[in-house]
Structure formats: C-alpha cells, structure tokens
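One line per chain: the protein sequences are G and Z, in this order. The opening residue of the first sequence carries number 1 in UniProt numbering; numbering runs sequentially from there. The opening residue of the second sequence carries number 1 in UniProt numbering; numbering runs sequentially from there.
What the hints contain is simulated information worked out from the structure, not anything from laboratory work. A few of these clues could be false.
Listed below are several chain G residues computed to face chain Z (Cβ distance under 8 Å; list not exhaustive) [stated by the list, open to error]:
| no. | residue |
| --- | --- |
| 1 | P16 |
| 2 | Y18 |
| 3 | R20 |
| 4 | R66 |
| 5 | L67 |
| 6 | W205 |
| 7 | S209 |
| 8 | I211 |
| 9 | G212 |
| 10 | T225 |
| 11 | K257 |
| 12 | V259 |
| 13 | R261 |
Sample of chain Z residues with no beta-carbon within 12 Å of chain G, all distances over it, derived [claimed, not checked]:
| no. | residue |
| --- | --- |
| 14 | A38 |
| 15 | G51 |
| 16 | V52 |
| 17 | E63 |
| 18 | G75 |
| 19 | S141 |
| 20 | R175 |
| 21 | R206 |
| 22 | G212 |
| 23 | D217 |
| 24 | T225 |
| 25 | E255 |
In this text, a Cβ means the ideal position worked out from N, Cα and C, and glycines have one as well.
There are 2 protein chains.
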Amino acid sequence: MNDRRSAHVRTGAGVPAYRRIATALWEQIQSGELAPGARLPNEAELAARFGVTRLTLRQAVIELQRLGAVEIRRGVGTFVMSPPDLVEIVASVPSLRQESDATADAFDEQALHRSARPVRTVDELILGSGAATGPLADEASAHLGVPAERLHRLDTVMVRDGRRWIANSYWFDERWAAVDGLVAEHALVVRAFADGLGLQLGYLWRAFSAIGADFDDAETLGVPTGTALLVRDGVSADDTGRPVFYVRRRLRGDEAKFVLRYDTEPMRVEG
Amino acid sequence: MNDRRSAHVRTGAGVPAYRRIATALWEQIQSGELAPGARLPNEAELAARFGVTRLTLRQAVIELQRLGAVEIRRGVGTFVMSPPDLVEIVASVPSLRQESDATADAFDEQALHRSARPVRTVDELILGSGAATGPLADEASAHLGVPAERLHRLDTVMVRDGRRWIANSYWFDERWAAVDGLVAEHALVVRAFADGLGLQLGYLWRAFSAIGADFDDAETLGVPTGTALLVRDGVSADDTGRPVFYVRRRLRGDEAKFVLRYDTEPMRVEG
DNA sequence: AAGTGGTCTAGACCACAAA
DNA sequence: TTGTGGTCTAGACCACTTG
Numbered sequence: 001m002n003d004r005r006s007a008h009v010r011t012g013a014g015v016p017a018y019r020r021i022a023t024a025l026w027e028q029i030q031s032g033e034l035a036p037g038a039r040l041p042n043e044a045e046l047a048a049r050f051g052v053t054r055l056t057l058r059q060a061v062i063e064l065q066r067l068g069a070v071e072i073r074r075g076v077g078t079f080v081m082s083p084p085d086l087v088e089i090v091a092s093v094p095s096l097r098q099e100s101d102a103t104a105d106a107f108d109e110q111a112l113h114r115s116a117r118p119v120r121t122v123d124e125l126i127l128g129s130g131a132a133t134g135p136l137a138d139e140a141s142a143h144l145g146v147p148a149e150r151l152h153r154l155d156t157v158m159v160r161d162g163r164r165w166i167a168n169s170y171w172f173d174e175r176w177a178a179v180d181g182l183v184a185e186h187a188l189v190v191r192a193f194a195d196g197l198g199l200q201l202g203y204l205w206r207a208f209s210a211i212g213a214d215f216d217d218a219e220t221l222g223v224p225t226g227t228a229l230l231v232r233d234g235v236s237a238d239d240t241g242r243p244v245f246y247v248r249r250r251l252r253g254d255e256a257k258f259v260l261r262y263d264t265e266p267m268r269v270e271g
Numbered sequence: 001m002n003d004r005r006s007a008h009v010r011t012g013a014g015v016p017a018y019r020r021i022a023t024a025l026w027e028q029i030q031s032g033e034l035a036p037g038a039r040l041p042n043e044a045e046l047a048a049r050f051g052v053t054r055l056t057l058r059q060a061v062i063e064l065q066r067l068g069a070v071e072i073r074r075g076v077g078t079f080v081m082s083p084p085d086l087v088e089i090v091a092s093v094p095s096l097r098q099e100s101d102a103t104a105d106a107f108d109e110q111a112l113h114r115s116a117r118p119v120r121t122v123d124e125l126i127l128g129s130g131a132a133t134g135p136l137a138d139e140a141s142a143h144l145g146v147p148a149e150r151l152h153r154l155d156t157v158m159v160r161d162g163r164r165w166i167a168n169s170y171w172f173d174e175r176w177a178a179v180d181g182l183v184a185e186h187a188l189v190v191r192a193f194a195d196g197l198g199l200q201l202g203y204l205w206r207a208f209s210a211i212g213a214d215f216d217d218a219e220t221l222g223v224p225t226g227t228a229l230l231v232r233d234g235v236s237a238d239d240t241g242r243p244v245f246y247v248r249r250r251l252r253g254d255e256a257k258f259v260l261r262y263d264t265e266p267m268r269v270e271g
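Could you put together the complete structure from these sequences and hints?
Right, dumping it as structure tokens:
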C-alpha cells in the first residue's frame, strides 16, 4: 500500500522471525512474484526454507490471512488472494430521495456496479428472533424511543447468489413482531415491512464503521474471527417521520463497498 | 452481539480448547462479569485455570484482542476494553452542499458529535511523498483521468489531540506537487489545496469499505496488524467538476464513524 | 528486581479435502 | 490413502513496564 515506506527496520535485528517472514512473503505478493491464485509451498517446506518451526511459520501465514493477502484452505493449501470483486452499492446525492435501502438496492440493476460476478439474486433468511437483550438493545431503545422491554429483535442473513453476504440485526417495537412471518414471503425484511405491513419506509440516518468479526458474525458469514467487517447501521422511519426500526448490517469489507455519488456540480469545501 | 444464538456447539466436544476458552471469557465480558477496564489474571494463571499451556491460552486471548474485547499491554497485563468512544463525523443529507470534507469536519464544532473526549485539534503530518507506484496508482489514474506516470502521491497521518488518528493517501497530478510544501502551513492537505493553491474543492463521490490493517497502516496507527479499519475513499474536484485528487483514508473502526443525517422528511423506499 | 506479555522450539496427533 | 492445514504440549528465553 504505502509503497515508498517499504524499506523498514523490519528486516533488521530485533524483528521477530514470524514478522520477518510475513513481510518477505507480503512483498513477494505485492510485487507480483507470487501472483493472485498462486499456491504457496506447504507449511513444512516453508518452515524449512525460512529455518523456523512450523508453528512460527504459521504465525506469519495467519498474519497474512488477516491482511486479506492469502486464503488458507484446510486440507488443500494456502493461496494468494485475488483482488476483491467488490459489489458497489451506489446511492446518488443529493438525489437520495429516489434511493432505496441497501436491501432493495441489491435488486436494483442500476444501483449495483457491474462486477466480474454480477448480482442476480438476494434473499434474506431469518436466523433468530425474540426479545431484545444485550448492550445494543439499549442503543436501539434510545434510537427508537421505545422501552427496551418492548423491543423485538430479528437476526437475519442476506444471501447473494447463494453466498452468505450480509449479517443483519433489526430492533423494533414488538407490535410489529408479525413481520417475522412475512419475511419468507417477501424475500427481504424491508419489503416485509413495506408490502406486508403497508409501512412507507425512509431513512432518518445511516452510519458507517468497522469492526472485527465476533464469534457469531464469523460463523454467520463464514469468515475467520476478527475479519474486518464494514458496519452500516441506521434508523428507518415511516412517512410521518416516526422511527420504525434500527438496523445494523455487517458485511465483509472485501465483498462490497458503499458509494455515494454527487451527481450535480461539486460542493464547496468550507474553510 | 447475537444474544439468542449463544448456546452453541461451541461448548461441546470437537471444539478447540482455545476457542472454548475465548468463548468463555467473551461471555464473561458480555455479561459484565468482567467489567470494562478490569484486569484479567496473568496468562500463566489463566492457563493453569483452564488446564492448558500458556501458548494455547494466549491463542484465546489474542482472538479476543482481535475482536476488540480486550487490550493487551506488554509488561503490564490484559484488560477488558471499554466501549469505544466513537467520534461521529456527521454530514447532513440532502443539505450536503454545506458540508465540508472530513478533514475540515474535524475542526467543525457542529459536525463532530460530543463524545466523552471531545475533539480539540487535528493536524496532518506528511509521512512521505513522491511518484505514485503500486496497484492503487492505476486505480487513482483511472479515477482522475491522469496517466500513472504523471501521478504524485502523498502519504499523511492526521493527529487528533496528539493521537494518531487517520492514515491518508492522496494521488494527484504532479503539477500540484507544490502542496507538499504547503501542508505544514495550512495544517491540513485539503486546506493546502484550497487556501494554498486557491482551488475550490468539492466531492465527486465518496465510498466506504473495510480492511484489515496492513503492516504500514498498523505501524502508522499504532494498532496490531489485521485490526479492522474503516476505509473512506473518494475523488474531489474543482468548481468546474474536474477531478483534483483521489484520497483514501484509513481509520480505526472503534475510533470514529461516519454518519449521514437525513434532516428533512424521510425518503420513500422503492419496491 | 519482579512481574507481565512476546517469541520460539521439537515433536506429536488430529481433521479435512482430494485423488 | 495421501497431503494439507489445525491444534496442542512442556519448557525455555527474551523484552517491556513498573516499582
């Protein structure tokens, strides 16, 4: 990434062996010496080549895995990752009024940038539902103005073209708990709210952050614990502006990005 | 997080010891039994308590570190992390025209949500500059419509209240390479462009994604390799709409979040 | 000086995927 | 069946922080 800052103290003394190895392999990958899709020698051989134990060698490889530089497949081998095939979820600014939610975006031909693997289908499956508990329940309660005791929680996963894509958690007033039964019919939770319950939904706010995958998200998305996830949370409201639900989505950073396009003349930067 | 999916096969047989231990500690943290700021017993004692080697115990603790559940301080101990003190960088939609860049936002009292530790100062320091190379140079070239040979690259770090905050990389036509010398005077790169070179800057687009910290970002931001980083990249243009620079910012997911507020009546969701 | 985490070894056995 | 990665041990020594 920061190409000019390559020649570091990293190669000098005092640098742990696993770090030295990871850096060496990483630079081979960056330079293209190890091309995307290439298979690395097995761990025993790499360990011998670098003069360390397999455990130490593994520490280096796992670090590369966390960087997204390699993919480790048990029983098969370790491979250099290809550049991510990002699905771009696009919204226009200031014409956001005509934009849909990311969920609906996924079906919108125009909202998704054509990638090597175009999006064809998106379904949303319920993983669990019930009374809201835990620290985020209080946050949801504050966002919605609904007491935590009255909050209902819905956990889902969006499946894109047969692949688990986005882990979602919704919080809303228990009086809308009936949506649970409508999701299968309408494929997506937001549509269950809109078409099933007849609510006209819109945004109050959206926010972006990043976290490491916890145990549940890792299992849901099929990634190693700690993998960098993009978090997009927000509150949707009905046409009177009253909050309906708080939603928190988690997706792999290398599988999608959210794009805001400013289609009109550019805006001035203050100061 | 997903509270209802707690009782897993995780505790059964076939589950690695380090995972079992990590889960056990994690649940103690989630339940508040291990309160934020609390110090864990040292590794030797924990290892004995769980009946494993110190190395195995460490594997569990490191996994918790990647989750952001604990902070490991060498020579001191391991502590339960406090809930993140997120700085909220707020933009209003559709009134985005009056919004400034994140850099300028950092100085805007209204744009930053009051957190426990309010933002007082933001400076931007140059880490390096020169000809643009590497894979991202091609991307920048495409975004700007400038040949890669003519691209200049500028690496900086924004320092908030004395703490390294955001790692930035800028790419732009070499004819603006003079900004390098203006950054110190104007504190921020965007201001060096605006006030130093007299360019009226605005957005063409912004995008959000997430990655694991690579070796350079980890060193720049003082975090472990692989830490989840929020990436915000985009292209800024002058008042004629011609692209000026492509910028890619990386920041810790637990230190800031970008918020888009829809201040007017809510928007309809399609479909 | 004492206590804590950081790194490493040599060897073993297990779990999974592909042939 | 073979080859690959996944987990674990018992012990050692090093590096950092604090008193």
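(request) List, from low to high, the hint numbers that the structure doesn't satisfy. (result) 1, 2, 3, 17, 21, 22, 23, 24, 25
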